[in-house]
Amino acid sequence: MRTFGEFFRSMRAKAGLSLREFCLTNGFDPGNMSRLERGLMPAPESRAKLEQYAAALKIKNGSDAWYEFFDLAAAERGRIPEDMLNDEAIVEQLPVLFRTLRGQRVDPKSLDDLVERIRKA
Amino acid sequence: MDKYHPERTLPVPVEEILEFQCGITIIPMPGLKQVHEIDAFTGKGQSSIFIDQGVFEQKSPFRYRFSLAHELGHIELHREVQAQIEFSTVDEWKTALRKFPEHQRSTLEFQAYDFAGLLLVPREALKAELEQYIKILNRAKFDLKNAAYTAKPYVCTKISKSFAVSDQVIDRRLDKEKLWPP
Chain A
1 MRTFGEFFRS MRAKAGLSLR EFCLTNGFDP GNMSRLERGL MPAPESRAKL
51 EQYAAALKIK NGSDAWYEFF DLAAAERGRI PEDMLNDEAI VEQLPVLFRT
101 LRGQRVDPKS LDDLVERIRK A
Chain B
122 MDKYHPERTL PVPVEEILEF QCGITIIPMP GLKQVHEIDA FTGKGQSSIF
172 IDQGVFEQKS PFRYRFSLAH ELGHIELHRE VQAQIEFSTV DEWKTALRKF
222 PEHQRSTLEF QAYDFAGLLL VPREALKAEL EQYIKILNRA KFDLKNAAYT
272 AKPYVCTKIS KSFAVSDQVI DRRLDKEKLW PP
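Sequences listed follow chains A and B, in order.
Residue numbering for the first sequence follows my numbering, beginning at 1 and increasing consecutively.
Residue numbering for the second sequence follows my numbering, beginning at 122 and increasing consecutively.
No false leads were slipped in.
Simulated coverage check for chain A against chain B, where a stretch passes if three residues somewhere in it have a Cβ under 8 Å from a Cβ of chain B: (1) 9-19; (2) 29-38; (3) 86-92; (4) 95-106; (5) 113-121.
Each computed EDC-like pair below joins lysine to aspartate or glutamate, with the alpha-carbon atoms no more than 16 Å apart: (6) A:K14 with B:E137; (7) B:K180 with A:E21; (8) B:K180 with A:D29; (9) B:K165 with B:D212; (10) A:K109 with B:D212; (11) A:K109 with B:E158; (12) B:K220 with A:D107; (13) B:K273 with B:D296; (14) B:K215 with A:D113; (15) B:K215 with A:E116; (16) B:K215 with A:E92.
For the record, the hints were derived by calculation from the structure and aren't laboratory data.
Even glycine gets a Cβ: it sits at the ideal position worked out from N, Cα and C.
Sequences and hints are given; from them, build the entire structure.
Right under this line is the structure:
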């Protein structure tokens with residue numbers, strides 16, 4: 001069974017809305033939207049908020065997708081998402097090819113901060 | 122382009138290509154640029170691109186689009202290089218970064234930069250756009266032969282809008298493709 005976040009992302013893709021367009025058009029916080037889609041933030045409990053998301057995703061009221069959207073949100077109720085990536089997951093997200101805007105390597109002392117930011121993103 | 126955007130419409134929808142065709146997750150990250158002076162990077166697993174949230178939210182999408190295209194360059198061109206750099210802990214990652222030769226890193230960065238330019242500003246489309254503005258300048262009896270470099274900023278600004286990139290990207294693409302002076 002799909003998670004709420006996976007379904008959310010699939011509906012956004014179906015509507016042909018990139019994350020940037022979706023967030024800027026509707027005034028949604030991009031960090032929260034990204035976390036919601038990745039399952040790092042729970043589905044909102046507020047019916048009004050869910051309806052706002054459903055409308056932004058162009059889900060037609062009363063359609064199968066509409067019911068699935070609300071069912072998946074209800075199924076997640078009470079779930080406490082892991083708010084940080086575990087060590088195994090973080091290794092997959094560590095970059096190899098990256099440099100600063102001035103073309104320099106990232107200072108080794110800053111790498112720990114970068115890891116923490118990835119963990120919380 | 123044949124693989125990702127055979128329709129060849131402009132501007133090239135790089136964000137949609139990444140998200141919907143490549144299945145890559147774009148993750149806005151606050152402070153990435155301010156603290157680390159980094160616009161964007163791709164995780165080793167190549168399933169996510171982290172991008173500075175300020176760049177993500179900028180009104181003009183030019184920088185955002187170029188950063189994504191640059192990262193797609195690393196994903197497309199440097200998959201094998203990245204796979205060879207093995208680490209399974211954060212400490213091993215730090216060691217691997219330290220050992221990675223600087224000259225190789227520079228080469229790979231330039232390649233990703235060129236890839237981004239080619240993806241967002243394909244030669245044929247650039248040529249077609251350029252011809253339009255050369256016609257306009259000719260109609261205005263502008264002396265292109267002797268003052269081509271005076272007209273270049275004007276042309277770059279005009280063309281950049283069609284491709285949704287900065288003037289500087291067009292400037293470099295014109296040089297790279299030897300399309301200027303016309």
